[in-house]
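S.K.: Sequence:
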Amino acid sequence: MSLHNPLEDEQPILGHVVTYSRPLAPAVRNYDDKSSFLTKIVGTSTASATRVSESLDYEPIQNKLFYDRMKSRKEGKKKLYGYTGHTLAKFLVTFLTGILTGLFAVALTKFVGWITEWKLSLIENSMQKEAPARIFVSFLWFWFIGSCLVSLATAMVQYWAPASAGGGVTLVMAYLNGNHVPNLLRFETLVTKFVGTVCAVSSGLPMGPEGPMVHIGACLASVITYMECSCLTEGGLFSCIGRKKEFNLKEKLKVLDDIVSDSDHREFVSAGVSAGISSAFGAPIGGVLFSMEEACSFWSRKTAWRCFIAASLSTFTIQLALKSTQHGMIAFHNLSTMDNKDWLLQLPFFIFGCGVAGLLGTGFNSLRMWLWKVRAVKTRHLLRILEVIGLVFLVSACGHFFGWAAGTCKEFPPDWKTEGYGLRFNCEEGKYNDVATLFLSSQHHSIVKLFSIGYDDLIEDDDLEYSTAFSIGGLALYVIIYLILMSIGSGVAIPGGLFMPSIMMGAAWGCLWGMCLRIWIPSWNIQPGLYAILASTSVLAGVFRSSISLVVLVVEGTRGIEYLFGVIVAVVIANWVAHHIHHDGVYESELEKVGNVFMLRDEPPHRLFTLTAEAIMATGVYGFHSIESVSHILEVLRNTAHNGFPVFGSDHDIALDRSHGHHVNNVNNNNASSNGVPNGSIGSMIYPEGQSMSFSASNNGMLVANNNSNNNNNNSNSNDS
Numbered sequence: 001m002s003l004h005n006p007l008e009d010e011q012p013i014l015g016h017v018v019t020y021s022r023p024l025a026p027a028v029r030n031y032d033d034k035s036s037f038l039t040k041i042v043g044t045s046t047a048s049a050t051r052v053s054e055s056l057d058y059e060p061i062q063n064k065l066f067y068d069r070m071k072s073r074k075e076g077k078k079k080l081y082g083y084t085g086h087t088l089a090k091f092l093v094t095f096l097t098g099i100l101t102g103l104f105a106v107a108l109t110k111f112v113g114w115i116t117e118w119k120l121s122l123i124e125n126s127m128q129k130e131a132p133a134r135i136f137v138s139f140l141w142f143w144f145i146g147s148c149l150v151s152l153a154t155a156m157v158q159y160w161a162p163a164s165a166g167g168g169v170t171l172v173m174a175y176l177n178g179n180h181v182p183n184l185l186r187f188e189t190l191v192t193k194f195v196g197t198v199c200a201v202s203s204g205l206p207m208g209p210e211g212p213m214v215h216i217g218a219c220l221a222s223v224i225t226y227m228e229c230s231c232l233t234e235g236g237l238f239s240c241i242g243r244k245k246e247f248n249l250k251e252k253l254k255v256l257d258d259i260v261s262d263s264d265h266r267e268f269v270s271a272g273v274s275a276g277i278s279s280a281f282g283a284p285i286g287g288v289l290f291s292m293e294e295a296c297s298f299w300s301r302k303t304a305w306r307c308f309i310a311a312s313l314s315t316f317t318i319q320l321a322l323k324s325t326q327h328g329m330i331a332f333h334n335l336s337t338m339d340n341k342d343w344l345l346q347l348p349f350f351i352f353g354c355g356v357a358g359l360l361g362t363g364f365n366s367l368r369m370w371l372w373k374v375r376a377v378k379t380r381h382l383l384r385i386l387e388v389i390g391l392v393f394l395v396s397a398c399g400h401f402f403g404w405a406a407g408t409c410k411e412f413p414p415d416w417k418t419e420g421y422g423l424r425f426n427c428e429e430g431k432y433n434d435v436a437t438l439f440l441s442s443q444h445h446s447i448v449k450l451f452s453i454g455y456d457d458l459i460e461d462d463d464l465e466y467s468t469a470f471s472i473g474g475l476a477l478y479v480i481i482y483l484i485l486m487s488i489g490s491g492v493a494i495p496g497g498l499f500m501p502s503i504m505m506g507a508a509w510g511c512l513w514g515m516c517l518r519i520w521i522p523s524w525n526i527q528p529g530l531y532a533i534l535a536s537t538s539v540l541a542g543v544f545r546s547s548i549s550l551v552v553l554v555v556e557g558t559r560g561i562e563y564l565f566g567v568i569v570a571v572v573i574a575n576w577v578a579h580h581i582h583h584d585g586v587y588e589s590e591l592e593k594v595g596n597v598f599m600l601r602d603e604p605p606h607r608l609f610t611l612t613a614e615a616i617m618a619t620g621v622y623g624f625h626s627i628e629s630v631s632h633i634l635e636v637l638r639n640t641a642h643n644g645f646p647v648f649g650s651d652h653d654i655a656l657d658r659s660h661g662h663h664v665n666n667v668n669n670n671n672a673s674s675n676g677v678p679n680g681s682i683g684s685m686i687y688p689e690g691q692s693m694s695f696s697a698s699n700n701g702m703l704v705a706n707n708n709s710n711n712n713n714n715n716s717n718s719n720d721s
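Under UniProt numbering, the first residue of the sequence shown carries the number 1, and numbering increases by one thereafter.
In short, the hints are calculated from the structure, not lab data.
Hints may contain errors.
[What the hints assert, rightly or not] Calculated lysine-lysine pairs in the DSSO-like style (CA-CA distance at most 27 Å, straight line):
| no. | residue 1 | residue 2 |
| --- | --- | --- |
| 1 | LYS431 | LYS417 |
| 2 | LYS71 | LYS90 |
| 3 | LYS431 | LYS410 |
| 4 | LYS302 | LYS90 |
| 5 | LYS373 | LYS593 |
| 6 | LYS378 | LYS110 |
| 7 | LYS417 | LYS110 |
| 8 | LYS302 | LYS71 |
All chains should be modelled from the sequences, with the hints used to inform the complete structure.
M.R.: So, in structure tokens, the structure goes:
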């Protein structure tokens, strides 16, 4: 039987395709190596052909080699680390995934905070100068710094790791549902995702770190799995600390099959997803539910344990590293507890506000899908970079123009100066510009301030007008402009998520609605901050169409368990409104856009209910015999888009018809192995010259030639597979 070593660099016959099992190997590039230097820099005007979707094998390959391996395993004495150490190795992967994901979240938060603080200090210094064009100088500073940051991030995406663009949650979901997405979980994707997210968020673009943290957690799980596997196969469980042990090929294959099979790799990636979302929201239970509800199509008790451990460790790591007195990702204050009477009286207002917020989320989905028609082609590298620079220009122009034209100068609250929040802009000493602060300051701090506007923060001044931290007109203008900017930003070639922008837009609308109600009904216990929390939840539900996991994420992230009823109402109302206007959420529409990634919908189209298998079957079945020529194998693999092929009995004449015969077995083109480790050869192939050669199928879907001198042994064993 011919086995191919996944740790060696064979050249597949049909071309080099990278798989998940080697995340540190060189990735596939978007251009041909023979292209000119100018073409590689500028890009091409036409998009590359859509790749045929490949699937992963989450079920074990049961062949003769598999059963022989199971029978050969001896029940030895159980040691402290188990029988073989593989179970301990899997727990180590889970622990490291949770801890490292938390550390990445801490580093991302620190870098974004430092860069944003430095950028805003430059803007404040330029605005304090008594120059006639100080607003224009501030605009240039904001645009220049943001352009440098996004140019670096977009260049890394376009030229080094294209799979790192966007939030990454959609493609991770596709992987966990069995789709092979090239280069999705590689080391360069991890680095680009982290650097790009830091640049995107600190540049002031309407993007957040939550979605990228999910992708970062999945990448960390994949990279750690590969490194753990290399450690086990190269020197034993404790090789990294000095103890060496030699492994032959069969022992290496056993380790690889137990550690990095597609099914095990799926569990680790699921744990990485939970760790990523929990580190972003400070919500370990919500992270587990998000992985179960949104990401995974397969769920088991073992998967749940891995997700729970990783999510808890990531959250615990953040709490230790940041040493913050705040609890949750979005800590707020000044809100009082509402009694049952207040909830009942204000329920109609909650429903209306959440319904409008759901419309905002649905409007965002519709607008971003319409903008796909005018997006630059992904292979136009320079055009994609200019597209992001143009978005920074729009954000800077809107912030400075509307801050100058519609901003209101207000007195600094006592706690704002100590926290460093609020932009003076063109106001006099001791005051800040509310509109400029919303557009140009950190989104995270703005959300906290909006959530913290309570009943007593709306006071009647000397002119009998109600005043608060933000004006009603400024909030209304901000919601409209931010919706447009957020729609333009979704789809550009830069890492960035939509959770934070959705929360920001919902918080602005909810606070606006709550302030209006507070003015109209001053005797009621109306808290604009509470309306901001519920509206943010509704926008998230309208954009992502989540339900249970979203409720837990919001409650854990805000530590607002007393507002659980309102959060549930917000999710239900927003999902109902959004479903009747735009059926697909962000994840479904993104998958439709990719085109070559397939996922079954929760509710299939109505026309499928009346169809039978006969209506969708294709005629002219391609198949193989147990002995085939190399030329026919290559011809079939090049000219077909599916992965499964029947194996016909040898009693049929091969030369007469290759589409009929007695079915004896199946061959999977995509993966006759477990994550690059073949469980057996497809069969013995006969060269046209008569030379015998055995082939094995690797995880990248390609047949890899294994030229061995002992052909007789290979033939006798492979025919049994």
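S.K.: Hints first: check each against the structure and report whether it holds.
M.R.: How the hints compare with the structure:
Between LYS431 and LYS417 the alpha-carbon distance is near 10 Å, which keeps this suggested pair within the 27 Å criterion. Restraint check: the Cα-Cα separation between LYS71 and LYS90 comes to about 23 Å, which is no more than 27 Å; the hinted pair holds. Proximity of LYS431 to LYS410 is assessed by CA-CA distance (about 5 Å); at most 27 Å being required, the pair is judged to hold. At roughly 11 Å between alpha-carbon atoms, LYS302 and LYS90 fall within 27 Å of each other, so this suggested pair holds.
For the proposed pair LYS373 and LYS593, the alpha carbon gap of about 11 Å is at most 27 Å, so the pair holds. For the hint pairing LYS378 with LYS110, the CA-to-CA distance comes to about 31 Å; that exceeds 27 Å, so the pair is violated. A distance of roughly 20 Å separates the Cα atoms of LYS417 and LYS110; the hinted pair therefore holds under the 27 Å criterion. For a cut-off of 27 Å, the pair hint linking LYS302 to LYS71 stands: about 25 Å separates their Cα positions.
Of the numbered hints given earlier, the model fails hint 6 alone.
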